[in-house]
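**Student:** Chain by chain, the residues run as shown.
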Amino acid sequence: MVGNSSLTLADLPGDTLAIRFEAMASPCELLLPQTDRARAFEFGCLVAEEAWRVERKFSRYRDDSVIGWIHQTRGTRVQVDEETASLLDFAAQCYELSDGLFDVTSGLFRRVWKFDGSDRIPTELAVAELLPLVGFGKVRWERPYLTLPLGMELDFGGFGKEYAVDRAFEALAQQRTAPFLINFGGDLRANGPPPRGAWQIGIEQPDSERRAAALLKLERGALATSGDARRFLLKDGVRYSHILDPRTGWPTSGSPRSVTVAGSCCTEAGLLATVALLQGTQAETFLQAQGTRYWVIR
Amino acid sequence: MQRVRAPPPRAIRRGLLAASCALLGVARAKGQQLPDPTVQREGAAANEWVIDSALSYYQEKGRIRVIEPIVSAVKDFQNGQVLNLHFVVDSLTGATPNGAVTSFLAQTFAGASGKANHNYTTPPGALPVDPFYHDVRIAASGSWQLPLSRAVSWTSGVKASYEKDFLSLTGSASIARSFDEDNTTLSFSVYDESDLIRPIGGVPVPGSDTSFGEKERATARSRNDIGTRIGFTQVMNRHWLAQVNVSWDRASGYMNDPYKIMSVLEDGGFTTGYLFESRPEQRTRSSLYVDNRVGWTSQSVDLALRYFGDDWGVRSYTARIRYRWWNAGQSSYWQPSLRWYRQSAANFYHPWISLADVGTFSHSSADSRLGAFHALTYGVQYGINIGTSYVHPKWLTVRVQYYRQLVDDRMPGPGPLATLNLYPGLTAIQAQVTYRF
Chain F
64 MVGNSSLTLA DLPGDTLAIR FEAMASPCEL LLPQTDRARA FEFGCLVAEE
114 AWRVERKFSR YRDDSVIGWI HQTRGTRVQV DEETASLLDF AAQCYELSDG
164 LFDVTSGLFR RVWKFDGSDR IPTELAVAEL LPLVGFGKVR WERPYLTLPL
214 GMELDFGGFG KEYAVDRAFE ALAQQRTAPF LINFGGDLRA NGPPPRGAWQ
264 IGIEQPDSER RAAALLKLER GALATSGDAR RFLLKDGVRY SHILDPRTGW
314 PTSGSPRSVT VAGSCCTEAG LLATVALLQG TQAETFLQAQ GTRYWVIR
Chain R
110 MQRVRAPPPR AIRRGLLAAS CALLGVARAK GQQLPDPTVQ REGAAANEWV
160 IDSALSYYQE KGRIRVIEPI VSAVKDFQNG QVLNLHFVVD SLTGATPNGA
210 VTSFLAQTFA GASGKANHNY TTPPGALPVD PFYHDVRIAA SGSWQLPLSR
260 AVSWTSGVKA SYEKDFLSLT GSASIARSFD EDNTTLSFSV YDESDLIRPI
310 GGVPVPGSDT SFGEKERATA RSRNDIGTRI GFTQVMNRHW LAQVNVSWDR
360 ASGYMNDPYK IMSVLEDGGF TTGYLFESRP EQRTRSSLYV DNRVGWTSQS
410 VDLALRYFGD DWGVRSYTAR IRYRWWNAGQ SSYWQPSLRW YRQSAANFYH
460 PWISLADVGT FSHSSADSRL GAFHALTYGV QYGINIGTSY VHPKWLTVRV
510 QYYRQLVDDR MPGPGPLATL NLYPGLTAIQ AQVTYRF
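Just so you know, the protein sequences line up as chains F and R, in that order. Taking this note's numbering, the leading residue of the first sequence gets 64, the next gets one more, and so forth. Taking this note's numbering, the leading residue of the second sequence gets 110, the next gets one more, and so forth.
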């Protein structure tokens with residue numbers, strides 16, 4: 064099991080129980096209105112197990128994960144399981160739809176970009192050296208066979224948390240039709256409004272503690288947020304955001320500090336939010352073209 | 110370093126949604142693959158106005174009628190600031206007791222409240238009321254809440270009220286701090302109210318005989334009221350909220366109702382004349398209010414108790430219970446309520462003055478609102494969300510209340526007045542329709 068695998072139960076106003084746990088380095092919770100504690104705990108276990116399962120299976124930090132195994136077999140053609148295949152299909156579609164802006168192979172740039180608030184900007188050479196090793200187009204993917212070229216990396220972190228929300232949602236929705244909300248570190252999805260009113264979601268101001276920048280009401284559907292103002296580099300008065308354009312290896316200029324998007328499912332919302340960040344100054348224009356609700360903090 | 114410009118935005122949502130559906134294996138589901146998300150900014154909490162509009166109708170049996178349109182608006186900015194505006198116009202018409210006692214003879218009075226040339230006559234056995242009472246009150250108030258830190262907020266407010274013979278201005282400030290994850294809130298507020306009373310036809314000399322029409326030299330008098338309140342709110346558990354308020358205020362200045370008079374009776378029950386009332390020029394009031402709200406999924410109960418006391422000798426006790434019952438979809442509710450109230454008389458309250466006592470009281474008033482009485486209010490409220498969703502609730506609320514007041518300590522009148530009902534009490538109904546959007 065990953066990290067702290069304990070569940071806690073908390074009473075919230077409005078006769079709602081919160082089941083909380085940690086997964087994917089985030090606080091996670093399941094909100095259940097009008098549910099007795101024993102049932103709530105059962106549902107909480109179901110949701111947490113799914114979160115932990117997705118984390119275990121696709122973590123890039125674990126040698127025994129599918130990602131770890133793919134990295135160990137770089138350069139060879141391997142057959143992947145159904146779920147991994149679906150995720151790779153999805154990654155391929157996102158890469159194509161976003162004109163290469165969303166790329167599951169771009170994690171490699173982390174080797175030269177350390178977003179720790181310092182002024183350590185990598186040299187142009189260091190970035191340029193990595194460019195040949197980034198680009199989903201260089202991956203040979205013929206379902207169910209994958210060949211990851213030597214030196215390249217695969218990382219599902221760009222949609223892993225959102226995917227886990229949707230997986231847990233589907234699992235729980237089969238057992239419960241009454242309203243519930245799943246929230247993994249701010250990416251969330253609800254199947255319907257609580258008995259009185261709607262789910263109230265606060266979007267945090269990125270740089271202030273616990274201060275809500277906006278309060279949203281969600282009946283059903285998903286919300287996902289991308290962006291983190293605390294991760295940046297500052298040199299000569301220029302702020303380098305951690306939003307790297309995978310096609311250049313350099314930070315996108317003019318990215319919002321945070322983008323929140325409503326979607327039918329969390330994976331969709333999360334992708335839109337991430338791609339919007341990568342649009343830099345054009346984030347709002349992009350989001351407008353999508354025809355969904357969004358909230359941008361600059 | 111090469112920099113590639115971002116491509117012009119294109120709509121990728123459809124493709125993304127299809128990809129997501131395929132990923133999650135929901136594409137095989139029939140019909141609608143995934144419902145569209147329904148989400149918005151909360152009305153009250155995100156740069157949109159929430160507006161309450163209401164029309165209130167109040168009718169006392171045989172007496173005054175008040176029609177009152179009310180508009181209030183709340184805007185909650187995203188940064189924790191809240192702006193609150195409130196606007197009321199009252200139109201009062203009808204008859205109001207002038208303070209004189211019922212007699213076995215007809216009584217004629219010079220109209221006081223507004224129309225000095227209207228005299229009126231009260232028939233024998235009837236409570237004297239001024240039938241020409243007419244007034245319009247316009248009141249507006251606003252408050253601004255400002256967060257000082259996550260747990261501390263500051264609210265400042267102003268209020269103004271205007272009638273043709275009355276002007277009132279109030280400034281207030283309040284600081285609130287929450288503790289224990291907002292489960293506990295402690296607040297402290299102060300206010301300062303300044304009133305200017307400019308009676309039609311001048312300020313009567315308190316305690317003087319009405320027939321001489323003696324007026325003070327000043328045409329207007331003022332009153333100042335400074336008060337404070339300490340509030341404590343505690344979430345006891347997820348079903349129970351408790352609230353305690355302690356308040357204290359001190360008013361000084363002109364307290365009289367310039368149009369209220371009192372009868373002077375001789376031992377045989379004859380009315381020999383009328384005096385203007387004369388109240389003390391200081392009043393210190395304090396009150397304690399305790400409210401408990403207990404709620405479950407489809408019902409809630411609210412029980413409030415209040416004690417009030419002042420240095421005029423008035424003590425009052427209020428108990429109010431409200432029960433709210435929601436329908437299964439939480440889209441409508443019924444709320445019956447019952448309120449019981451009892452007050453003791455001010456120590457200078459006399460329903461009339463006997464001739465022998467004229468001049469012996471430094472203060473006196475026959476205003477029945479300062480007498481001893483008890484009252485019951487029966488109410489029922491029905492609320493329904495006529496909007497189409499929980500996200501945009503549009504609440505229509507209808508409330509009807511019936512109020513019955515009974516006078517206590519009914520001192521019998523002298524002579525033949527003993528056979529008359531000198532204390533008719535009061536019944537009133539109030540109806541209000543509110544629409545919140």
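I should point out that these hints are in silico values taken from the structure, not numbers from a laboratory. Incorrect hints may have been included.
Computed spacing ranges between beta-carbons, pair by pair [said to hold, decoys possible]:
(1) Q263(F) <-> G534(R): 16 to 26 Å
(2) G134(R) <-> Q263(F): 39 to 49 Å
(3) R513(R) <-> Q263(F): 52 to 62 Å
(4) A131(R) <-> L194(F): 46 to 56 Å
(5) I538(R) <-> Q263(F): 32 to 42 Å
(6) Q352(R) <-> D127(F): 53 to 63 Å
(7) Q352(R) <-> D144(F): 53 to 63 Å
(8) T240(F) <-> L515(R): 53 to 63 Å
(9) F546(R) <-> D144(F): 47 to 57 Å
(10) L255(R) <-> P76(F): 47 to 57 Å
(11) V403(R) <-> D127(F): 51 to 61 Å
(12) T240(F) <-> G534(R): 48 to 58 Å
(13) Q352(R) <-> Q263(F): 18 to 28 Å
(14) D127(F) <-> N292(R): 42 to 52 Å
Only a predicted model underlies this, so the values are computations on that prediction, with no experimental measurement involved. A virtual CB, placed ideally from N, CA and C, is assigned to each residue, including glycine.
**Student:** Now tell me, hint by hint, if it's right for this structure.
**Tutor:** A quick look at each hint next to the structure:
no.: 1; hint: Q263(F) <-> G534(R): 16 to 26 Å; verdict: violated, 48 Å
no.: 2; hint: G134(R) <-> Q263(F): 39 to 49 Å; verdict: violated, 31 Å
no.: 3; hint: R513(R) <-> Q263(F): 52 to 62 Å; verdict: violated, 42 Å
no.: 4; hint: A131(R) <-> L194(F): 46 to 56 Å; verdict: violated, 30 Å
no.: 5; hint: I538(R) <-> Q263(F): 32 to 42 Å; verdict: holds, 38 Å
no.: 6; hint: Q352(R) <-> D127(F): 53 to 63 Å; verdict: holds, 56 Å
no.: 7; hint: Q352(R) <-> D144(F): 53 to 63 Å; verdict: holds, 58 Å
no.: 8; hint: T240(F) <-> L515(R): 53 to 63 Å; verdict: holds, 54 Å
no.: 9; hint: F546(R) <-> D144(F): 47 to 57 Å; verdict: holds, 53 Å
no.: 10; hint: L255(R) <-> P76(F): 47 to 57 Å; verdict: violated, 24 Å
no.: 11; hint: V403(R) <-> D127(F): 51 to 61 Å; verdict: holds, 52 Å
no.: 12; hint: T240(F) <-> G534(R): 48 to 58 Å; verdict: holds, 56 Å
no.: 13; hint: Q352(R) <-> Q263(F): 18 to 28 Å; verdict: holds, 22 Å
no.: 14; hint: D127(F) <-> N292(R): 42 to 52 Å; verdict: holds, 44 Å
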